[in-house]
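Novice: Residue numbers (our numbering), protein chains in the order written: chain F, 1 to 163; chain P, 1 to 359.
None of these hints come from the bench; they were simulated from the model.
Even glycine gets a Cβ: it sits at the ideal position worked out from N, Cα and C.
Mixed in with the good hints there might be a few duds.
Partner residues are not named here, just some residues of chain P that face chain F (Cβ under 8 Å, in silico) [unchecked claim]:
hint : residue
1    : V15
2    : I116
3    : D117
4    : L147
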Amino acid sequence: MNIYDLIFYLFAAITVFSAFAVVSSKNIIYSAYSLMLTFFGVAGLYVLLGADFLAIVQLIVYVGGILILILFGVMLTNKVNGMPIHTEVTNLIPASITIGLFAGIILAFFVNTNWKSTQTEFPNTTIVALGKLLMNEYILIFELLGVLLLIALIGAASIARKK
Amino acid sequence: MIIYEYLSELFGSPVLASVIQSLFPLIFLIPFALFAVWLERKVSAFMQDRIGPNRVGKHGWLQTVADILKLIQKEDITAANADKPLFNIAPVLVFAGSYLAFAAIPFSSAYIGSSIDLGLLFIVAASGFVVAGILMGGWASNNKYSLLGAVRSAAQVVSYEIPTVLVILSVVMLTGSLSLYELSEMQTSSIHNWILFGGNAPLLQKILLIPFMFIGFIILYISSLAEVNRTPFDIPEAESELVAGFHTEYSGMKFAMFFLAEYANMFAVSAIVSAIFLGGYQSPFGYLGNTLGLTWLVPIEQFLWFSAKGLFFVFVQMWLRWTLPRLRVDQLMALCWKYLIPIAFVNLLIIGLIVLIKI
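Start from the sequences, fold in the hints, and give me the full structure.
Specialist: See the structure below:
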C-alpha cells in the first residue's frame, strides 16, 4: 500500500462518513456543513483520478454556489421565524424498500458491467481535451444546456419579481 | 519549482516535499500580517491627521506584536447560547479557505505551491470555503448582528464572483492559459509584455487591447475589494450598524484568526491582480542577477518584486478604505449587477473579437 492509496482511503472515509452525517444529523445546519465535507472529499477523489477540472468545478458549483444557497435559505428561515427546523425519521418502510431497490440496481450494474481497465498515461491536464470535445462533438448538447440554464434563470427572475 | 525539486530530493518523497512546501506561505504571511496591521493604523492616522501607534518600539512598529501577545492571554469566551462546535470551527475554516488560495500563487519562478494548470479557477473555488466559514461563524454566534453580517457577506461575495470570473475569462482568451505560473512566465521581464498592455500580442492588436485591458483591470480590482469585504464594500462588518458583523462574538485567538485571514485575503487578491495583469513576479525591467551573471539572484529578485507589487495593492486597499464612504446594501448590489457585470460582458466580447481578428 503506497501513500496514494492512503490518501485515497482518507478522502473516501471523509466522503462516506460526512455523507452519513448529512442524513443522520438532527440539526439541518450540521447536515449542510457535512454536505460541504462530502463535496470536499469527492473533489479530492477526482484529483486523485487526474480529473483536475472536474474537481475544481465541483468545488465552485457545489461549495461556492449550491451549498451557500442552501445555507442562506436555512439560516434565514431557521433563525428569523424563530421556528427550529428539525429532521426526523419518517416513512421507514417505504424508504428502505426504495433505497434497497435502488442499491440493488446500482450493484447489478456494477457487477455486470464489463469495466475497461487499460494502462494509460496519467493525463497532465484535462481542460484542453475537454474543451475541444465540448466545442466539436458535443456542441449541440452544450448549447442546449446553456439555453436550459438561461430558461431557469428567467424563470427564477420572473417568480421572484413582485407582481 | 526549484525549491520543490530540491525538497523532494532532500526527503526522497514528493508527498513529504509537498507537505513541507505548503508551509512556506505561512512563514511569509505572519510577518506580513503583523506589518500590514501596523501599516493600516499608520495610514489611517496619517489620513486623519493623527499620529497613530507610537509607544511600542520606534514609530510603534512593535504595536501589533504587543497586541498579539495580549490576544493570546485573553480569556476564550464562547457565548452561552452559541452553537459550540460550529463556533469553534468557523475561524479555522475561514483561515483555511483564505490559505488555500496561496497554493496557486507563484511567489517567484522558484516557488509556487502547486503549478496546476487551473490555478485561476482554483482560487475562485477556494473563496467558497471562506464564505461557508463566515456564514458558519455568523450563524453559530446566535446574535442577530452576526447573522446579518454573515448573510450580507455571502450575498456580496457570491455576486462579485461573477465580474471577477468574466474578467479572468477575457484574460484566458488572450493568453490561452489558466495557470498563474504560465501567465507570469508569459509576461517576461519588461513592462510592455504585461497583460495590462496586451501581453505578447502583435503590435496593432496590443494597441487595440490596451483600453479594454484597463477596463478589465479596474473591474477586477473593484470586485476583489468586495470579495475581501474591504471598504467601500465592508457592509458585512460595518462597525456603525452591525458592531463588528460576523465576528462580533469572537474574542482572543479566534478573533485573531479572523483578523489573520482577512489580511491573508487582502494579500492574496492583490497578488492575483498583479499576477494576472501586472507581470506577477516579473520585474518591469531587467534583472540585476542577469547583468551580473549571478543566476541564483534572479528568483530572489522576483520574490522581492512580487511582494512589492502585492504590498502596493494592499496599500491601495488601505488608502481606499480611509478615503471612501461605505456603500448601502442596495447600492452595492446595483453596482455589481447593473454596472460591473454588463461592462464585464461587453468587455469580454470585445476582447474576444480583437483576439479573433488577428491583425
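Novice: All hints are to be evaluated individually against the structure, with a verdict given for each.
Specialist: Going down the list of hints, with the structure as the test:
1. V15: holds, 5 Å
2. I116: holds, 6 Å
3. D117: Since the shortest Cβ distance to chain F is 4 Å, the answer is holds.
4. L147: Because about 6 Å separates L147 (chain P) from the closest Cβ in chain F, which is inside the 8 Å limit, the hint holds.
Violated hints: none; the structure is consistent with every hint.
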